[in-house]
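There are 2 protein chains.
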Amino acid sequence: MEKLFRAHLEKIITLTDEEFEYIKSHFSVMNFKRRDFLVRKGEKVTYVFWVISGLLKLNYVDDADKNHVVAFAMEDWWEGDYYAFFNQSSATMSLQALEDTQVLCMTLDSYNTLCREFHKMAYFFLEKANKGHISSQQRILELISTNAKERYDKLLNRYPVLFQRVSHTLIASYLGVTRETLSRLTAQ
Amino acid sequence: MEKLFRAHLEKIITLTDEEFEYIKSHFSVMNFKRRDFLVRKGEKVTYVFWVISGLLKLNYVDDADKNHVVAFAMEDWWEGDYYAFFNQSSATMSLQALEDTQVLCMTLDSYNTLCREFHKMAYFFLEKANKGHISSQQRILELISTNAKERYDKLLNRYPVLFQRVSHTLIASYLGVTRETLSRLTAQ
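Chains Z and E, in that order, are what the protein sequence lines are.
When you line the first sequence up against the UniProt record's numbering, it's residues 1 to 188, in that order.
When you line the second sequence up against the UniProt record's numbering, it's residues 1 to 188, in that order.
Think of the hints as simulated: they come from the structure by calculation, not from any bench.
Since the model is a prediction, treat every value here as computed from it, not as a measurement.
You can trust all of the hints, since none of them are fake.
List time: in silico BS3-like cross-link candidates among lysine-lysine, alpha-carbon distance up to 25 Å:
1) E:Lys66 to Z:Lys149
2) Z:Lys41 to E:Lys154
3) E:Lys44 to Z:Lys131
4) E:Lys44 to Z:Lys128
5) Z:Lys11 to E:Lys120
6) E:Lys131 to Z:Lys120
7) E:Lys120 to Z:Lys24
8) E:Lys11 to Z:Lys128
9) E:Lys128 to Z:Lys128
10) E:Lys11 to Z:Lys131
11) Z:Lys128 to E:Lys120
12) E:Lys131 to Z:Lys11
13) E:Lys41 to Z:Lys131
14) E:Lys128 to Z:Lys44
The task is simple: from the sequences and hints, build the whole structure.
Written out as structure tokens, the structure is:
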């Protein structure tokens with residue numbers, strides 16, 4: 001795990017052994033079974049997560065009680081209810097393990113300490129936040145300008161492995177279509 | 001302008017006069033007339049912008065030549081084609097002035113210098129990137145879980161002034177509905 005996490009950080013910044021030890025001390029490892037919740041809607045959000053192994057689903061339930069998959073997160077990805085995390089408010093979404101999952105978790109105190117004391121980590125999180133912002137903007141463009149078939153093809157092209165690990169029902173929800181519409185698209 | 005920009009920065013970080021002068025030296029002022037383009041689709045993206053006065057529209061044209069308003073930007077807002085800016089690639093969107101507009105602009109070199117040399121500015125941009133990421137995620141949730149009437153009410157509630165400064169056609173495009181649908185919503 002340590003090697004994976006260090007490699008993840010060193011894609012953006014270079015670290016001495018001491019620096020890595022210091023960063024690591026601000027994270028803890030947690031294990032979840034399939035179907036466990038890392039974040040439950042309505043409860044206080046304490047952590048954001050980096051996935052060591054496994055698969056997570058970020059889910060939003062609308063006012064009509066309909067479920068929407070907002071995001072999936074696999075190995076090497078960060079995930080969380082960022083709005084609630086940064087505002088220290090209750091979760092507006094839930095985060096659930098779709099497989100047995102091991103994560104590193106970080107509190108807002110740790111995040112603030114790392115960013116305040118350690119320029120390199122502020123820079124690391126800045127890069128991550130910019131990438132997150134950009135990929136959210138790309139998803140907005142897709143939602144307003146492409147149809148379900150185009151979104152399906154893009155997702156399959158970008159994350160083929162997701163289609164082996166996630167049910168068609170969840171893929172359909174992520175794409176914003178019914179299970180039946182997805183079946184028609186995949187049959188073509 | 002200097003007072004406005006310093007006040008904008010000091011919502012997040014505190015600065016000495018020398019520090020502010022140093023930051024300011026990395027920005028330049030540009031003026032645009034109504035309908036001028038700050039960024040044109042297909043051209044290289046050199047700058048991101050902070051709006052001193054005026055109003056901007058970030059626009060995306062899909063493969064079927066249909067226009068989509070991705071965002072509006074008013075006084076005190078940052079805007080740009082961030083994907084193209086950070087990747088130094090051609091613009092995938094256009095950014096156009098809807099009113100005579102004055103902006104501060106910043107190159108990627110200036111951004112990188114400020115973030116590398118100046119921990120406070122890395123922290124400032126980190127806060128902005130996190131907020132941008134979160135607000136994009138909120139827009140995704142709205143797009144997948146609310147109808148046009150709910151999106152209209154939210155926008156009106158959040159930015160009432162926008163409705164006095166922007167045509168109904170553009171508001172409709174931002175909400176992802178036709179001009180006719182918007183007329184029905186506003187008549188209710």
